[in-house]
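Residue numbers (numbering that gives the first Met the number 0), protein chains in the order written: chain H, 0 to 221; chain A, 0 to 106; chain P, 0 to 108.
Keep in mind the hints are simulated off the structure, nothing from the lab.
Every residue gets a Cβ at the ideal spot worked out from N, C-alpha and C, and that includes glycine.
Computed footprint of chain H on chain A; a stretch qualifies when at least three of its residues, placed anywhere within it, have a C-beta under 8 Å from a C-beta of chain H: (1) 4-11; (2) 15-21; (3) 28-36; (4) 70-76; (5) 80-89; (6) 97-104.
Here's the letter readout for the chains.
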Amino acid sequence: MATHSEHHHDHHHGHDHGPADPHAPIDDGETVRYEHLLEAAIRELLEEKGILTSADIHRQIDAQDSRTPALGAKVVAKAWVDPAFKAKLLASPLQTIADTFGVPMNTPLELVVLENTPQVHNVVVCTLCSCYPRMLLGIPPAWYKSTEYRSRVVVEPRKVLAEFGTVLPDDVEIRVSDSTADLRYLVLPMRPAGTEGMTEAELADLVTRDSMIGTALPRAPR
Amino acid sequence: MQDRRVNDVGGLPAGPIDREEHATTLFEKRVDALVMLLTSPEVGAFKVDALRRAIEQNTAEDYRRFGYYDKWIRAIRDLLIEQEILTAEEIDARIADIRKRRAKARP
Amino acid sequence: MTARPPRPGEALPVGTRVRVRRGPPEFHCRTPTYLRGAVGEIAAVVGYYRDPSRLALHKPGLPMRLLYRVRFRQIDIWPAYEGPPADSLFADLYGHWLDPLTGDANGNA
Chain H
0 MATHSEHHHD HHHGHDHGPA DPHAPIDDGE TVRYEHLLEA AIRELLEEKG ILTSADIHRQ
60 IDAQDSRTPA LGAKVVAKAW VDPAFKAKLL ASPLQTIADT FGVPMNTPLE LVVLENTPQV
120 HNVVVCTLCS CYPRMLLGIP PAWYKSTEYR SRVVVEPRKV LAEFGTVLPD DVEIRVSDST
180 ADLRYLVLPM RPAGTEGMTE AELADLVTRD SMIGTALPRA PR
Chain A
0 MQDRRVNDVG GLPAGPIDRE EHATTLFEKR VDALVMLLTS PEVGAFKVDA LRRAIEQNTA
60 EDYRRFGYYD KWIRAIRDLL IEQEILTAEE IDARIADIRK RRAKARP
Chain P
0 MTARPPRPGE ALPVGTRVRV RRGPPEFHCR TPTYLRGAVG EIAAVVGYYR DPSRLALHKP
60 GLPMRLLYRV RFRQIDIWPA YEGPPADSLF ADLYGHWLDP LTGDANGNA
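Next comes chain H alone, as it looks inside the complex (with noise of 0.2 Å):
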């Protein structure tokens, strides 16, 4: 849910600006962000320029706004329920993606499900930057952009997962995927015991974020 608040107060005094510093906070009693004029003199400026219209703007939040960890569920729990839709899947992902949920994947990266099964747990990361399909699951959590995770998942992943509170036995191969360069990974998690019957809406309630990250499992049903 967004804060439509431009008058941020936070009170981030990490900047040491002198008095004549046009970064200096104003002073009226309230402290507004550097960083947030930035944004509004830029997008102004553009706007004034041709360069891009609010218009444009509006629409592209409105495209990633739908891009959720939702529409990744359902993509998961269809994989569990329909054979030949996960065949498809991992043989072209975003191609049976747009074509069967109707959402169009308009980017130039490539999507790689990377399933998980009872000997492999795959778990993704990118160490450089914060490389994630969001073109599916929308923007990534504070913590996978963090420097913590990204410096420690790689060298330590089981000690990662079980801050997650996820333990796997040692003869299941944890396998971390750090996406270097223009491909996206989405986990593909294992479908929970005792799903049997289940209608995919159901299925697809079960499957959490961190379990197409591959921090975490999906959730048993109850």
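For this one, chain H is given, so just place chains A and P on it according to the hints.
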């Protein structure tokens, strides 16, 4: 021991992961939208690779202390200037103008 | 989307053992330091992409570089890896950062 770029953090010692969830703010969505639009083929101001490079040019201290979206909007500013689409002067002037407008708008 | 698939003989075959090159830190290098010098194997040939470290400088990034998905055993990356030996790590690396190995891991034929 090889020098690393500030973003090249894989394997470095680090503390516990803060897993608190934060709703995406309007500011964050706007910054994200600017990134996507400016790097789109239709606009083509620069590639996302250039934005990442600009972020990598932060000092280690700035990389750690500036928030994620703050780094992106600062990189956008740097790249728009580098590509001679905007100037630092007109950005600063517009920021000053916006401050005045907002100060006037307050009761 | 990759620009074109490799022509016959251009790509290192899947299964080829490779060592990641050591090299100076470049701005916008997509070969992480933690993998420099590590030995892995080609898991997949992904395809050609414009060179990101050149795109980062507003260059066209030509000639395109061949991207591979490379598999490593964690114990071959980290001397003190604490998990089981079957644990693995995959990274997407460009061919100009990889040296194919012949014979043993030291490159001896």
